[in-house]
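Protein chains: 2
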Amino acid sequence: MQNKTVTVVGLGLIGGSIARVLRPFVKKLYAIEQNSDVLDFAQKQGIVDVAPHNPLEESDIVVLCIYPGDSLVFVKENVNNFKKGCILTDTVGVKTPLMNLCKKLNPPFTYIGGHPMAGREVSGFINSDKNLFSGASFIITPSDNAKAEQISLIEKFALALGCKVVIHATADEHDKIIAYTSQLPHIIATAMCDTPLLVKHKNYTGGSFEDVTRVAKINENLWTELFLENKKHLADEIKRFTASLEKIGRAIEQNDSEALRQIMRKVRLDKEAIDGGHS
Amino acid sequence: MQNKTVTVVGLGLIGGSIARVLRPFVKKLYAIEQNSDVLDFAQKQGIVDVAPHNPLEESDIVVLCIYPGDSLVFVKENVNNFKKGCILTDTVGVKTPLMNLCKKLNPPFTYIGGHPMAGREVSGFINSDKNLFSGASFIITPSDNAKAEQISLIEKFALALGCKVVIHATADEHDKIIAYTSQLPHIIATAMCDTPLLVKHKNYTGGSFEDVTRVAKINENLWTELFLENKKHLADEIKRFTASLEKIGRAIEQNDSEALRQIMRKVRLDKEAIDGGHS
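Taken in order, these protein sequences are the chains called A and B.
In terms of the working numbering, the first sequence has 326 at position 75, counting the first letter as 1, and numbering is strictly consecutive.
In terms of the working numbering, the second sequence has 454 at position 203, counting the first letter as 1, and numbering is strictly consecutive.
If we strip away everything but chain A, and leave its shape as in the complex, we get (with noise of 0.2 Å):
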């Protein structure tokens, strides 16, 4: 990637901790930030070059860093602004709608989502963090037009983060997926803490409770956007969890020790098996 130049669009959590780590890799690293202040400071600290006035017209790649709606707006208002060839990116959690805008608008970019499977309980360019990605997978959902080099530089985007492996999904596939392994928590960890027995018994609780509520601390205007432009997954999901719940309950009510028992030592197993073979 080192010739190429990069825009991030929006220094928030995510666009911030991105650049703060591709600085290095890229030839001109851009910031595209309503909050003057922080653009200003990450001018100032190296953290992005200074930019000229259309970045998008000298990227290579534009990574969109900021809500899922907002993303949509700003695709709309600048599909013309773009340098012919471009790769579009981005981090939203849910990667439908902007790839059926994409679809619609025959742009001059190709877009190829992106979505590192990392984040935190706080927002913001003040918490952004060059490590957040350390670890992470990266998914990417490339449009079907998408070249192999186009797709092998997401890639070695994703690595430069500090993501550990990158996994290829169609649009569709990753909302199905994420519904299940990142809205489904954020929902639980909600309905866990929606009751005033969570401020009653704040001292009764031990680890269990406290990891199963840690993502309550919640960005309700972005987690609201994800949940909605997710609809139909999500509710599936909800639907399967509640079932199963609804089977534990059952078997708790009917005494039934023996397929409780049986429920449990299955998902130990599984569980065990994944976390020793995680990759």
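Rather than coming from a laboratory, the hints here were simulated on the basis of the structure.
Keep in mind that a hint or two might mislead.
The list cannot tell twin chains apart, which means a pair is met if one copy fits it or any two copies do.
[Stated by the list, open to error] SDA-like cross-link-like pairs, simulated, lysine to any residue; straight-line CA separation at most 20 Å: (1) Lys490 <-> Pro447; (2) Lys490 <-> Arg501; (3) Lys335 <-> Gly413; (4) Lys482 <-> Ala494; (5) Lys334 <-> Arg371; (6) Lys453 <-> Asp521; (7) Lys415 <-> Lys427; (8) Lys427 <-> Leu473; (9) Lys295 <-> Gln285; (10) Lys451 <-> His304; (11) Lys451 <-> Arg491; (12) Lys451 <-> Arg516; (13) Lys398 <-> His484; (14) Lys453 <-> Glu523; (15) Lys498 <-> Gly320; (16) Lys278 <-> Leu323; (17) Lys483 <-> Asp507; (18) Lys295 <-> Trp474; (19) Lys398 <-> Thr421; (20) Lys381 <-> Lys490.
What you are looking at is a predicted structure, and each value in this text was computed from that prediction instead of being measured.
Following the hints, position chain B against chain A.
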């Protein structure tokens, strides 16, 4: 406690950890343990003292660190072997069954239930650790006839283990609270992993998934007993949680972004408040 003799019944993860930390605080520390290799090793290492033929007869405090069902059997079988006026305590995660048994038996001891809010996903003496209880909450459930000095002694015992706070509750209050703060998180982790998706999508997980599912590496024999012994309270908690989950699911299906934002905002503020002020 320097003039007290203590017997730990069961040198597993919890009993072993108690023994490792308690020895310097008491006059004599004995163990009752069926696995003679473990008992022999613990004695040779000086973790416990070599016990007389019937350590219960000499003990001022007896700490049951065995399964819930085994605890009931042990007390029934040994009710006449305890020293008159001694304290029986335990570390079992449900308190009502043993409390009810003790009320019936009119025993020579005073029962003061104990529950250190600490654990691991592994078991056995081999995994015991003198720092296991460091910083944990310790809940005690004294019998109605417990004297102030007896309660004070068990508080000292909890602090000697490294616990940071001792909380008093009735056995029923304890069981109701723990259904929410400990049992429900274990059931959620189990239900979350009760699907072939767990293994299939193991590379698509991030921190939120890892945290919500950590305790799915569960001891199925122990937790089957704990769940069934606390059936009523646990069923209530599963229902409350399921209702929250359904409320969130409905808001998603109905595209009700305002309702979603409000639920998450309230939860975030509560969670930030207790994490900031966690004592």
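Each hint tested on the structure:
Within a single copy, lysine 490 and proline 447 get their C-alpha atoms only as close as 25 Å, which misses the 20 Å cut-off; across copies the closest is 15 Å, which meets it. Proximity of lysine 490 to arginine 501 under the C-alpha cut-off of 20 Å is found in both arrangements, the shortest distances being 16 Å within a copy and 11 Å between copies. For the homomeric pair lysine 335 and glycine 413, neither the shortest alpha-carbon distance inside one copy (28 Å) nor that between copies (64 Å) is at most 20 Å. For the identical chains of this complex, lysine 482 and alanine 494 are neighbours both inside a copy (18 Å) and across copies (19 Å), given an alpha-carbon limit of 20 Å.
Taking the shortest Cα distances, lysine 334 and arginine 371 never come within 20 Å of each other, neither inside one copy (33 Å) nor across copies (54 Å). Taking the shortest Cα distances, lysine 453 and aspartate 521 sit within 20 Å of each other only across copies (11 Å), while inside one copy they are farther apart (31 Å). Within a single copy, lysine 415 and lysine 427 get their C-alpha atoms no closer than 22 Å, and across copies no closer than 43 Å, so neither meets the 20 Å cut-off. In this homomeric assembly, lysine 427 and leucine 473 come within 20 Å of each other (Cα to Cα) only inside a single copy, at 18 Å, whereas the closest approach across copies is 35 Å.
Proximity of lysine 295 to glutamine 285 under the C-alpha cut-off of 20 Å is restricted to the intra-copy arrangement: shortest distance 16 Å within a copy versus 68 Å between copies. Within a single copy, lysine 451 and histidine 304 get their C-alpha atoms no closer than 54 Å, and across copies no closer than 46 Å, so neither meets the 20 Å cut-off. For the homomeric pair lysine 451 and arginine 491, the shortest alpha-carbon distance between copies (16 Å) is at most 20 Å, but the shortest distance inside one copy (30 Å) is not. Proximity of lysine 451 and arginine 516 under a CA criterion of 20 Å is satisfied inter-copy only: 18 Å between copies versus 33 Å inside one chain copy.
For the identical chains of this complex, lysine 398 and histidine 484 are neighbours neither inside a copy (29 Å) nor across copies (58 Å), given an alpha-carbon limit of 20 Å. Within a single copy, lysine 453 and glutamate 523 get their C-alpha atoms only as close as 30 Å, which misses the 20 Å cut-off; across copies the closest is 12 Å, which meets it. In the homo-oligomer, the alpha carbons of lysine 498 and glycine 320 never lie at most 20 Å apart, since the shortest distance is 37 Å inside one protomer and 24 Å across protomers. In this homomeric assembly, lysine 278 and leucine 323 never come within 20 Å of each other (Cα to Cα): the closest approach is 27 Å inside a single copy and 71 Å across copies.
In this homomeric assembly, lysine 483 and aspartate 507 come within 20 Å of each other (Cα to Cα) only across copies, at 14 Å, whereas the closest approach inside a single copy is 34 Å. When the C-alpha separation of lysine 295 and tryptophan 474 is checked against a cutoff of 20 Å, the pair qualifies neither within a copy, at 32 Å, nor between copies, at 56 Å. Taking CA atoms no more than 20 Å apart as the test, lysine 398 paired with threonine 421 passes inside one copy only; the shortest distance there is 15 Å, against 67 Å between copies. Taking the shortest Cα distances, lysine 381 and lysine 490 never come within 20 Å of each other, neither inside one copy (37 Å) nor across copies (42 Å).
The structure fails to meet hints 3, 5, 7, 10, 13, 15, 16, 18, 20 from the earlier list, while all remaining hints are met.
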